[in-house]
Amino acid sequence: MIKVIKPGLQTTVQDQGRIGLYEIGMPPSGAMDKFSYTVGNLLVGNQRNAAALEITYLGPVLQFGRKLRISITGGNIPPKINGQPVAMWETLEVQEGDTLSFDFVQSGARTYLAVEGGIDVPVVMNSRSTYTLIGIGGFQGRALAEGDELAVGDMHEKKVPVGTRIDPSLIPVFQKTHEIRVVVGLCSYRLTEESKAVFLESEWTVTPEANRIGYRHKGERLKFVERQQPFGAGSNPSNVTDLGYPIGSIQVPDGVEPIVLLHDAVTGGGYATIATVISADLNRMAQIKTNEKVKFVSVTLEEAIGARRNLRDQLMKIADAI
Amino acid sequence: MFTLPETRFDFGGDEYIYAEISRDMSEESNFKALAITSELRRRQIPGILDICPSNSSYLIRFDPEVIPAANLLDYLKEIDMTKSNPAALNLEVRIVEIPIWYDDPITREYSRRFQERNIIKENISNFELVMKLNGFKEKEAFIEAHSRSPYLISMMGFIPGTAWEYPLGLRKDQIIQTPKYASPRTDTPGRAVGLGGAFTVIYPLSAPGSYQLIGMAAVPVFDQSGKLEDLRDSFFLARPGDIWKHRPVEEREYKQILSQVEAGTYRYRMKYVDFSPEEYFAKREAYIKQVMEDF
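Those sequence lines, one after another, are chains A and B. Under the UniProt record's numbering, the first sequence has 27 at position 27, and the numbering climbs by one with no breaks. Under the UniProt record's numbering, the second sequence has 238 at position 238, and the numbering climbs by one with no breaks.
Derived by calculation from the structure, the hints in this document are not laboratory data. Where a beta carbon is used, it is the ideal one built from N, C-alpha and C, also for glycine. Don't take every hint at face value.
Straight-line Cα separation of at most 25 Å, SDA-like style, residue types lysine to any residue; simulated pairs [to be verified]:
#1 B:Lys180 to A:Lys317
#2 B:Lys172 to B:Glu65
#3 A:Lys218 to B:Thr186
#4 A:Lys317 to B:Glu65
Ranges between beta-carbon positions, derived for each pair [claimed, not checked]:
#5 A:Asn291 to B:Asp274: 33 to 43 Å
#6 B:Pro5 to A:Thr192: 19 to 29 Å
#7 A:Glu220 to B:Lys139: 48 to 58 Å
#8 A:Val256 to B:Glu78: 37 to 47 Å
#9 B:Asp274 to A:Gln140: 35 to 45 Å
#10 A:Glu96 to B:Asn71: 47 to 57 Å
#11 B:Arg252 to A:Val61: 47 to 57 Å
#12 A:Pro122 to B:Asp63: 24 to 34 Å
#13 A:Ala145 to B:Arg239: 32 to 42 Å
#14 B:Asn71 to A:Gln228: 45 to 55 Å
#15 A:Leu58 to B:Lys139: 49 to 59 Å
#16 A:Leu58 to B:Arg284: 42 to 52 Å
#17 B:Ser206 to A:Gln140: 13 to 23 Å
#18 A:Glu96 to B:Gln256: 31 to 41 Å
Just chain B, same shape as in the assembly:
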């Protein structure tokens, strides 16, 4: 069981309602935000234009001429009450596998190129820096730590398709954490895997950025060419509430997957499961193991 503080609601001008579930990042708040926003989508309320879950809050854009602000606020408060019961937070989630080549030459090269913008200016790669800051001696142990647990997509933003990934089933002191660059890089390669704070992101395309780069995903998270069946309709891989599983690959397999992506034959490995936050909070790692079974 868990309890959450009372949600604070406020208006962002005449078109937005902001609902703050808690001021700190917590899995409880995020699951509640995901559950409320998925319930809102299901209800298809006329006048609601955008439904946007965030790490510990959510944002609704509405047309006040279709649904009066005060009515919508009452409505949201009512849903918030029903979703204050952990048993009501069940979600259908999609598990997606992301093959990653850790400590690869591309992100090593970017580490070198933007070294003077990082928090320490020593000549080490971002991968080595994050390992060191988190007390890892062996590269393999670090890769294992970053790829063993699945990650929950707690929100999206930055540039379209960028998903904040938060590790599931770990205590806060087990989570790999790292400071971001002191001053942002002017460039990051698309598909690069970055770490900032407690979050992992995969850059959808080349962009400025300040997360520490630790590897390259073999698969794109954004593609508008239409060649990949799984991205044909939406262009973007991530959805808030997805669970992503990192799988370490070596150079050979990385290149193999890349050529399948190029040829348009690659299919993302996916599985749909019913996820119960209540069971998760009761059993933590054991529940994650159960959910991830035969994946």
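Next up, chain A with everything else stripped away, as it sits in the complex:
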């Protein structure tokens, strides 16, 4: 049992996500930074899909009801046990009555707390992930609140020795400026050539509207090719006939402030999508904070698949070492 003394800014239960329900408008939810989440589970010997806590910006204060192995990965929100700093990216052990708290965020935006066995909440539509918009999954469909008591599950598959660490060269470093790789396409034909160039050459500033639904970016206005709007497309030049939005797809309503849609986003709608963040960089997108700078870098599909393979190889290396 884990007792929530203070909830933090937004702490939610997440796993790999609720896959297969996109067609009814259900986004997958799930951990925003899957790399850190997965390493967290590996460090406590959990199955890949065990649920963890996703901590955003400001950490919670949690008290453990029994001896338990845990790990803390992701953005650097420095953790402390009973007030003493402890390492991230390492297998730790807490005793009954121990309190976990966090200092102010140093880098990144989201930190994962994995516990041996996983967080046990009911599986809703094949996932334990929290989707707060309609209040399903996770702990009662919402972010944690003071006084909540979390049960621990039995999704562990091996005992990992306390003090196990991962190769430091495999720990991601989160800066304040970010290069995010995208595959340009989908409805990019709607942008003028100049605006396509502006999109890729600008340094965008992340606005306060940056959360699990999506990240909005401030910068120059983008322009669309003039046309007679097709039937059903809506009147704004940024509108197209309603279509499905990939996770990571970028839309620019009215040409103002590109939005990258993330794991809790709407699944479809009537705005032209102009590019998609590659899957490997969605993890890094999750670690970006408001006011940080983003540059979108165009890559080919082959490069995107290569980046994905690299990430998978890194995770395999980590798994083998543990």
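Based on the hints, put chain B in the right spot on chain A.
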């Protein structure tokens, strides 16, 4: 018979393929998207994670480590070819009845509350506004026009369970159309019936929204309490490709149905039929009449 332009395929990052059947909304494109996506589901291809039809396109999410992107693209192109023949678009569809209390006090109240966000700021309800914009003088005639034809669920999205309903058997100039709010409402009651463009939606739960509100459905389209037998397994009523039939009800019956829903005794009126887009395009309204017989 009908012809469609060649489908345009593109990749959304390394996990998605987007297939654009046409750039405009058309029934032909939508039936093709529904037929292809239902065929894909039937084939249960390893590595395909999500199959998502939209108004005139569809989106596939896949795991490129299980099925290489290029192979999947070839595969989709092959299915696309077979589904370019109208005779190959047959679908099993589910017809569901939705009782609606039109021009009800709840949506009238929301019309008033969010008046300053609408396209005209006059003190009239959304119902009256849509009537006026579509040249209706009598409330009954409008209700008849909105409930006579069945509606095809052409796609879902917005918030989970929200279905875009598009009227079947009508010419474009017969379809009730309306602009959305100039600036979205911050709230909409769950079960409210909204109109935007040529589409009708029923809000699954309270949410922001910009469709003009013309009534309240007596039955939920989302329920996770488990009390309703028809929503116990899935929580959500709609599926792309369903056909919904609106049935106007008065206050008394609306309240009766609501209390049945509350008690968990309500059963949705449903019927399964084989739907042939080819026959539909050949006979239009006459075919719809035939499909909707004894429903």
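When the hints from earlier in the document are held up against this structure, which numbers fail? 1, 2, 5, 14, 16 and 18
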